Amino acid sequence: MLYRTAGQFKTSYQADQALFPVRQDAVLLAVILAFAYVIFPLTASEFTFQTLLIPILIYSLAALGLNILTGFAGQLSLGTAAFMGVGAYACYKMITLMPWMNPILAILFSGVFSAGVGVAFGIPSLRIKGFYLAIATLAAQFFLVWLFEKWAWLYNYNASGAIQVPNLDIFGIYVAGPLASSITQYYVVLGIVTLLTVICINLTRGNLGRTWKATRDMDIAAELIGINLMKSKLTAFAVSSYIVGVAGALFVFMWRGAAEPNLFDIPLSFQILFIAIIGGLGSVMGNYLGAILIVGLPVLLNLVPETLGIPIKSATVEHLNIMIVGSLIVFFLIVEPHGLAQLWRLIREKLIIWPFPH
Amino acid sequence: MLKDIFVTPFADMVAAPDFLLQVLWEGLVSGILYALIALGFVLIFRSSRIFNFAQGIMVVFAALTLVGLHSFGIPAWIAVVLTLGVMYVLAMSIERVVLRPLVGQPDIILFMATIGITLFLIGGGEIIFGGENKVMITEELGIPTGDSVLEPWGGLLILQHLDITVVVVAAALVAVLLAFLNYTQMGRAIRALGDDHQAALSVGISLQTVWVLVWFIAGIIALVTGIAWGARAGVSFALEVIAYKALPVLMLGGLESITGAIIGGLMIGLLEKLFEIYWGQPLMGGNTETWFAFVLALIVLLFRPQGLFGEKIIERV
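Residue numbers (my numbering), protein chains in the order written: chain A, -15 to 342; chain B, 6 to 322.
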């Protein structure tokens, strides 16, 4: 009923291929954006900002980056966290070397460094495929984290070996560091995430995106129809690592406030891979759904014993959480291997033809 | 600088051959354990194309179960048998609950499912046994703990009896496994499934039985590795990292090759120790063991994309 497409006639191919061929999609998106830009900031508490809104956005951005590489270009990567680390450390170095730099520009620019590192570690993908490549990306993961630890220049020779985000302001408003308010940080993150998402949607719909998909579906066949595999794979690595790097910079500068090398260890990589897979490989929207589930669920689960008044140690809750997340992953993979995005696609199909399914 | 890289390490090796032997021996011990874990991976991968990420946590889980059962007052050897039973139940439930509904899904989905299993076992293990470091029941199992001191070329070479036992037991286990795979009906069934799924099914090999069996074998291997590694470093979830070490072994040796797993494991064990002692510590601040194996495997893979012993990749459109 809500999703009836009757009466929406297309008279040109251009109209048929538009971003929103169905008007209700655009309306739905507008509602979601209104919530994100107006209603959440008005109503959210400090706790909601710090444990739900900001991390969900950052994790979705990282998953979006991974999804470009794994979901669209078909190159499985297990090194996402390390590339986030490259972004975070690059941003930190830029900010401390050039304190006059606009922090938002620094964050956006830090992705360039991780893109460079990503391309370097992407070169083996021209020869190595499948699981071999996945393990090869683990080389990046372990090597880079080791580098963050041993290369003292990266953290300005701090005794602690960790990086601390200084107070940064744009025109007098603090956007990062201990003095920044959550709502400013939320808007910065939201703005950057929106920008990159729009770019990604258009990239994946365009020529480059089709090249990636052809490479993913069968790279030899893609090569035979004249696609330059090297260009296709390396651009995928570059774009993916850029987004992941920006997500890493946001992760440290807009949310954590400080970072140690082991923050970028392999569990973070897996967490982002979960988001991308549970959300749906090869989908942009799925990353957001996946992040809501993977980041939001543990927060809610932590609240359950408190609200019900069950006396459980917080460590036990933590472990129960891990168990529940693990079983949920298996459950979702069994129920819908193509992820939450596919689930939404099915619901939407059903809504369009409802109430006459035949 | 160049001298530090190309001359000094070799000069050190020649100058102190007893120390070199010690390094090689330690590399050999860890190498054989890597090989053992990699073997568990290879068996599962060959028979089901599942890249089993849970192998590492199975090592921890087996060791924790053993120590946990013993702490309830069960004699050590009965605890071993009970742990094997637990591993069998685990193998069966994984097959029934996780793998059976996922038959025929793309590789990455199955891979993710094993990560799900990993998380489940981490959470479950911590709840049941607690996360703190435990001491492996080395003496109760009758594993010798002393050491022998040899004096080659007037130097000093210390061989832990524990390490000797590990090498002997691991080598024996590998031999038994190879014999099992080559000379028994079930072993041949496993290899047949690895060669050609459809053909194996059509001659009446039961997929379910073989899957439970390979996961159980992986569980046995996990227990042995868990005991060996736990005796050296204590039993905790930190043990999981040694499973990551088995991954470059697989790359180097090839995902399908049993020989590759063994030779790759020994190579990585030896080379990473040598690199760490003679290049890593003096030049790069140490702890290079976390990544050296991966980078080595990456370089080898650039020249042989299927690993040293993997099946030749033939691609068709």
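If you are wondering where the hints come from, they were derived from the structure by calculation, not from laboratory data.
Keep in mind that a hint or two might mislead.
[To be verified] Derived CB-CB ranges, DEER-like:
no.: 1; chain 1: A; residue 1: Pro251; chain 2: B; residue 2: Ile133; range: 33 to 43 Å
no.: 2; chain 1: B; residue 1: Ile79; chain 2: A; residue 2: Arg332; range: 55 to 65 Å
no.: 3; chain 1: B; residue 1: Gly291; chain 2: A; residue 2: Ala146; range: 29 to 39 Å
no.: 4; chain 1: B; residue 1: Asp152; chain 2: A; residue 2: Thr32; range: 24 to 34 Å
no.: 5; chain 1: A; residue 1: Ala146; chain 2: B; residue 2: Gln286; range: 22 to 32 Å
Keep in mind the model is a prediction, meaning the values are calculated, not measured.
Note that beta-carbon positions come from the ideal geometry of N, C-alpha and C, so glycine has one too.
* Violated constraints from the hint list, given by number and in increasing order -> 1, 3 and 4
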